[in-house]
Amino acid sequence: MDLYVAAFGFGLVGMSVIAIAAVGFTMQFGITNMINLAYGEVMISSAYVAYYLNKAGITIWVGMIAGAVFGAVFSFLLNRVVYAPFLRRGTSHIGMVIVSLAVSLMVANLLLPIVGYYSVSYQDTTGGLIRAGGIVLTTNQIAIIGVAVVLMLLIHGLLRYTRLGKAMRATAANPTLARNCGIPTGRVIDAVWLITGALCGLAGVVAAMNSDSFAIANGAGFLITALAAAVLGGAGQPYGAMIGAVIIGMVTELSAAAWSPEYKEVVAFGILVLVMVLRPQGLLAKRGALAAAG
Amino acid sequence: MKFQTAARNRWSGSQAIPVAALIVLAACGGSSTSGGGLGSGDLLVGVIAPFTGADAGLGPAYYAACLAAAPEINNNGGVGGRQVKCQQFDTRGEPADAVPAANQMIASSSNLMAAVGCTSDEAAAVAPIMDRAHLPMFCMTGQSEFNKTTLKYFHRLVPADVYDAFAMVGSALFGPNHAPYKKAALVFGDDIGSQAFVQPATNAFTKLGGTIAINQPIHLNASSYRTEVAAMLKANPDVILTEALGSAGTYLKEVKTQNGGKMIPFIGSSATIDPVWFQQVRDAIGIDDLLKYYAGVDLGYTFSGPAYAEFLTNLNAAATQFADAPKYKQRGSTLHLYDGIIMTALAMVATNSADRTVYNPKIIQIANGSSGATVVNTYKDGVAAIKAGKTIRFVGAGGENNFDQYNNSQSGYILVGYDKDGNEVQVGQLTPDQTAKLIAAGG
Chain A
1 MDLYVAAFGF GLVGMSVIAI AAVGFTMQFG ITNMINLAYG EVMISSAYVA
51 YYLNKAGITI WVGMIAGAVF GAVFSFLLNR VVYAPFLRRG TSHIGMVIVS
101 LAVSLMVANL LLPIVGYYSV SYQDTTGGLI RAGGIVLTTN QIAIIGVAVV
151 LMLLIHGLLR YTRLGKAMRA TAANPTLARN CGIPTGRVID AVWLITGALC
201 GLAGVVAAMN SDSFAIANGA GFLITALAAA VLGGAGQPYG AMIGAVIIGM
251 VTELSAAAWS PEYKEVVAFG ILVLVMVLRP QGLLAKRGAL AAAG
Chain B
295 MKFQTAARNR WSGSQAIPVA ALIVLAACGG SSTSGGGLGS GDLLVGVIAP
345 FTGADAGLGP AYYAACLAAA PEINNNGGVG GRQVKCQQFD TRGEPADAVP
395 AANQMIASSS NLMAAVGCTS DEAAAVAPIM DRAHLPMFCM TGQSEFNKTT
445 LKYFHRLVPA DVYDAFAMVG SALFGPNHAP YKKAALVFGD DIGSQAFVQP
495 ATNAFTKLGG TIAINQPIHL NASSYRTEVA AMLKANPDVI LTEALGSAGT
545 YLKEVKTQNG GKMIPFIGSS ATIDPVWFQQ VRDAIGIDDL LKYYAGVDLG
595 YTFSGPAYAE FLTNLNAAAT QFADAPKYKQ RGSTLHLYDG IIMTALAMVA
645 TNSADRTVYN PKIIQIANGS SGATVVNTYK DGVAAIKAGK TIRFVGAGGE
695 NNFDQYNNSQ SGYILVGYDK DGNEVQVGQL TPDQTAKLIA AGG
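Chains as they are written, first to last, in our numbering: chain A, 1 to 294; chain B, 295 to 737.
Derived by calculation from the structure, the hints in this document are not laboratory data. Don't take every hint at face value.
Claimed, not checked - Derived DSBU-like pairs (lysine-lysine); straight-line CA-CA distance at most 35 Å:
| hint | chain 1 | residue 1 | chain 2 | residue 2 |
| --- | --- | --- | --- | --- |
| 1 | B | K623 | B | K528 |
| 2 | A | K55 | B | K714 |
| 3 | B | K550 | A | K55 |
| 4 | A | K55 | B | K586 |
| 5 | B | K684 | B | K674 |
| 6 | B | K550 | B | K623 |
| 7 | B | K446 | B | K674 |
| 8 | B | K442 | B | K379 |
| 9 | B | K550 | B | K714 |
| 10 | B | K623 | A | K55 |
| 11 | B | K731 | B | K477 |
| 12 | B | K379 | B | K446 |
| 13 | B | K731 | B | K528 |
| 14 | B | K476 | B | K731 |
| 15 | B | K446 | A | K55 |
Remember, predicted model here, so these are calculated numbers, not experimental data.
Turn these sequences into a full structure, and let the hints steer you where they fit.
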């Protein structure tokens, strides 16, 4: 029983990390209608930015902010320099997926000679150990949970209570109508790439902290987990992505406690497949806050 | 329109015959040269190994071997004047990716002299392909299926994994500076290569009085191992036997974290004698804990003598092409594959042939030697001896080779650790009696 309680605690950390990544990914898709397969590589690039700062003696918490800024700028430029020109030429949706896949491969291979293929670790990111009722977490893991909660509240506030959030929702629902109503959809899209890019960068640093040791090859794994949570919750639904993150984060850890750990991802993704079979639109079926633009 | 279509079809059919013939020839992977003589043009050594994926740390060690061997040959006249080049063929550590990589290597390179690499991740898939192409290969696989292989072009310069597993158990039971460990956690990656250790280690450890506290196959490159480590600690082992390349840092740091900042002794396979592994684990748990709690096993290298000196010179020079090359100065696989390439080149010179079917059998003759053979340690000395009409035995940077009838060359193990700079340090040796006990128990 102790092991399941401990696994539940670890699941809280896992779902927090996944939630940050998945909400960024699903917002990006929901508003821009772009499945950005380079998301994982932006995450890992941001993790390396924080790593080099950390190596230079800067605390990882500052590195996390730097990672978020890098992710925002990188994603913004990626859209402006690569994706937007293709979209202007009328590239099909599947064509854009292929373009983002190509970008993902290029980023990974450009990074490889710079950062090397071997794993690296942040320094002093463990923190003290706290035990409470069978749950064993480090102070930094608790901080990661806190960061995720604050970010989710901020995203909720942004979408529900700000003009930008309302403009994002309008752009997601119907970009043509939004434009005709006077919403500067171009600037909204730019803002979306900056905000989701920041989430992506921050998620990369948090995921790398969570892994203790990370390498360039982890980018693909980051993407798959974020993608799975986003799809499970309902593509384009930030609240759905949060629910997806909870399920995948918890199931992964609890199944590792219940069965052989080599199957933990199999179990998590098995549930994803099952949900997709029973409810192809994802858990949040209603076209709510951010439906994919049509 | 009909006439044009028919004409085009007839034209296509006539062209198809030579094209099909070319494809068949390429697929058959015929030897590079069918007649005698060493030919002309560059020769290629294919480094077929994981360069990306979970086992991406393996390929560079083998590439470094080739980059060191090439100048050793080229600066001493080449192979009958032909220069040796190295090319990577990435298997990603997956059979599904390895097969097309092997086919591409064979089909696209008519000047292949040998292939090196082929780890346990992909050897079972690619070795038969290379054998059909009559391509001499030096594989870094420990899989038992190659213990009695019938593949004529397969060569293995390291023992089977089963012996690596026995040595790890030997370190746990008979190693210096600690009482015999009695409860072991087996933490091996879920890849083919790592899982090959589990059964022989379990057999040997339990039959010699130990208990397996937990057998935990871990998914390589997972984002975390918190629950796995919690389960492992709950089993309360007094030692961890492990090979989880790429994930060792993540796992071991979690052990230290959850165990209140204290490590548990851990014993690694010979693959953990590796600069990349050292760096990962050092960064994760700190150098002090790595030096204190780690023990490893390795083949008994001297890291000295004329062959090693020549290897080291060439390896350091290879830094201009591959900056990390000098880091592999004590990596057993790098030494062995370097020797394998030199032996292949000497076999070509000795047979005066670039025909792989002709020089392949000569490789083992040069490695094992024969009565009265002149022992040579460098390519230059080997060529000089051959030209003087002598038969030779090549004893290279990795030491003597003794191939059996299944093209396996094996030697004994030593117990090792690291120093603070990542250099291997011998801490003990298993006695013949201990080794016999382990093999008998392991079955």
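Here's how the hints hold up against the structure:
This hinted pair does not check out: K623(B) and K528(B) have alpha carbons roughly 39 Å apart, beyond 35 Å. The straight-line distance between the Cα atoms of K55(A) and K714(B) is roughly 19 Å, inside the 35 Å bound, and the hint therefore holds. The straight-line distance between the Cα atoms of K550(B) and K55(A) is roughly 21 Å, inside the 35 Å bound, and the hint therefore holds. Simply put, K55(A) and K586(B) have alpha-carbon atoms about 24 Å apart, close enough for the 35 Å limit, and the pair holds.
Under the criterion of a C-alpha separation no larger than 35 Å, the hint pairing K684(B) with K674(B) is consistent with the structure, at around 14 Å. As the CA atoms of K550(B) and K623(B) are separated by approximately 30 Å, the hinted pair is consistent with the 35 Å bound. With a C-alpha separation of about 27 Å, the suggested pair K446(B) and K674(B) falls inside the 35 Å cut-off, and the hint holds. With a C-alpha separation of about 31 Å, the suggested pair K442(B) and K379(B) falls inside the 35 Å cut-off, and the hint holds.
Among the hinted pairs, K550(B) with K714(B) is consistent with the structure: their alpha-carbon atoms are about 19 Å apart, no more than 35 Å. Annotation: proposed proximity of K623(B) to K55(A) holds, straight-line Cα distance about 26 Å (limit 35 Å). Proposed proximity of K731(B) and K477(B) is supported: the alpha carbons are some 19 Å apart, at most 35 Å. In summary, the hint linking K379(B) to K446(B) is supported, as the alpha carbons are separated by about 24 Å, within the 35 Å threshold.
The straight-line distance between the Cα atoms of K731(B) and K528(B) is roughly 31 Å, inside the 35 Å bound, and the hint therefore holds. Our distance criterion of 35 Å between C-alpha atoms is met by K476(B) and K731(B), whose separation comes to about 16 Å. Distance hint between K446(B) and K55(A) is unfulfilled; the C-alpha atoms sit about 50 Å from each other, more than 35 Å.
Hints 1 and 15 from the list above are not met by this structure, while the remaining hints are.
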